[in-house]
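Undergrad: Given these sequences and hints, build the entire structure.
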Amino acid sequence: MIPDVDNECLVYLNGDYVRLGDAKVSVLDRGFIFGDGIYEVVPAYDGKPFRMKQHLARLERSLGAVRIETGKSTAEWEHLVVDMIKRSGLGDCMAYLQVTRGVAKRDHGFPLHALRPTIFCMVSPFTRPDAHKREQGMSVVGMPDERWLHCEIKSVSLLGNVLAKQFAVDAGVDDVIQFRDGNLSEGSSCNIWVVKGGTLLAPLRDHFILEGIRYAFLAELAAEAGVAFESRVIARAEVEHADELLLSSATKEVLPIVRYDGRPVGNGRPGPVYAKLRAGYDRAIARL
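Residue numbers for the sequence shown, in the working numbering: -8 to 279.
Accuracy of the hints is not assured; some may be wrong.
Unchecked claim - Keeping only pairs whose Cα atoms sit at most 25 Å apart, straight-line, the calculated DSS-like set for lysine-lysine is:
1) Lys77 / Lys44
2) Lys187 / Lys267
3) Lys124 / Lys39
4) Lys63 / Lys77
5) Lys63 / Lys124
6) Lys63 / Lys44
7) Lys77 / Lys39
8) Lys267 / Lys39
9) Lys63 / Lys15
10) Lys77 / Lys124
What the hints assert, rightly or not - For each label pair, taking beta carbons as the anchor points, the in silico distance ranges come out as:
11) Lys15 / Asp172: 42 to 52 Å
12) Trp139 / Gly100: 11 to 21 Å
13) Gly62 / Pro120: 29 to 39 Å
14) Asp121 / Ala207: 19 to 29 Å
15) Ala219 / Ile(-7): 43 to 53 Å
16) His104 / Val224: 40 to 50 Å
17) Val224 / Pro116: 14 to 24 Å
18) Gly62 / Gly259: 50 to 60 Å
These are calculated hints, taken from the structure and not from any lab test.
The beta-carbon is built from N, C-alpha and C at its ideal position, and this holds for glycine as well.
TA: Here it is as structure tokens:
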């Protein structure tokens, strides 16, 4: 039995629905041996998937980038996610999808024969950020971004992200802000936003960051709220002197950062741009 999880919950594994405690994959699965796989997380509110098409489009882009062919259509992915959420009986939850290249003899190169990809899906309860985080904000520290150069691929090879998160844990803060060559990249598993002079700034959508689904969404919310938005290279000094800092992800939604490297951000409280984006985010969820 796996501690601290619901071993009785139903999961999907290669076409079968089984108890989580009974789900098994081969030790020669390339996802286990090499981290040769892709994953995606689709949040749902009251059982209704949120921006599912965008999440699944990213899944398909990442699968294409690493040349894993599943034979599944977008409609089939959508059906799997919706079906698993319904089977779970959960309200606020997240559907986790993982696809690996499959099982083969251990060899770095792709096998010459076609493999059957390992496809896994599970649904877990999702607790929205609480009032304390939304109203009091998050604390972060800066660190060098030492991950690989294809962060745009949502790979299961997450050791760099794991080490970044542990860096935050060891420092007693909520997360990190990573910098590559002196410029902002992202958090341990979230996008980072800078507000200066009323303008919302985000790093370029390139291979140095995973373009979060909230990236385009927050840009839309900014436009609705009349907040100027700019995507560009952001130097570390701009982060250090920001009026506001924000972070966003599927599970964190959008949250204010009020302390950076032990110093207050702006006046040390969530700012007006955050308040507008937070309100827009909540309205979008209410419309589901």
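Undergrad: With reference to the structure, classify each hint as holding or not holding.
TA: So, going through the hints one by one against the coordinates:
1. Lys77 / Lys44: holds (18 Å)
2. Lys187 / Lys267: Satisfied, since the Cα-Cα distance of roughly 15 Å is no more than 25 Å.
3. Lys124 / Lys39: Holds - the C-alpha atoms of Lys39 and Lys124 are around 24 Å apart, at most 25 Å.
4. Lys63 / Lys77: At roughly 20 Å apart (the allowed maximum being 25 Å), Lys77 and Lys63 satisfy the hint.
5. Lys63 / Lys124: violated (39 Å)
6. Lys63 / Lys44: Distance ~14 Å between Lys63 and Lys44 Cα, so the pair holds.
7. Lys77 / Lys39: holds (9 Å)
8. Lys267 / Lys39: This hinted pair holds, its Cα atoms lying about 24 Å apart.
9. Lys63 / Lys15: This hinted pair holds, its Cα atoms lying about 22 Å apart.
10. Lys77 / Lys124: Roughly 29 Å between the alpha carbons, so the hint for Lys77 and Lys124 is violated.
11. Lys15 / Asp172: 42 to 52 Å: holds (43 Å)
12. Trp139 / Gly100: 11 to 21 Å: About 18 Å separates the Cβ atoms of Trp139 and Gly100, which means 11 to 21 Å holds.
13. Gly62 / Pro120: 29 to 39 Å: Since Gly62 and Pro120 have Cβ atoms about 37 Å apart, the given range 29 to 39 Å holds.
14. Asp121 / Ala207: 19 to 29 Å: The hint (19 to 29 Å, Cβ to Cβ) holds, given that Asp121 and Ala207 are roughly 26 Å apart.
15. Ala219 / Ile(-7): 43 to 53 Å: holds (47 Å)
16. His104 / Val224: 40 to 50 Å: This hint holds: roughly 44 Å between Cβ atoms.
17. Val224 / Pro116: 14 to 24 Å: About 38 Å separates the Cβ atoms of Val224 and Pro116, which means 14 to 24 Å is violated.
18. Gly62 / Gly259: 50 to 60 Å: holds (53 Å)
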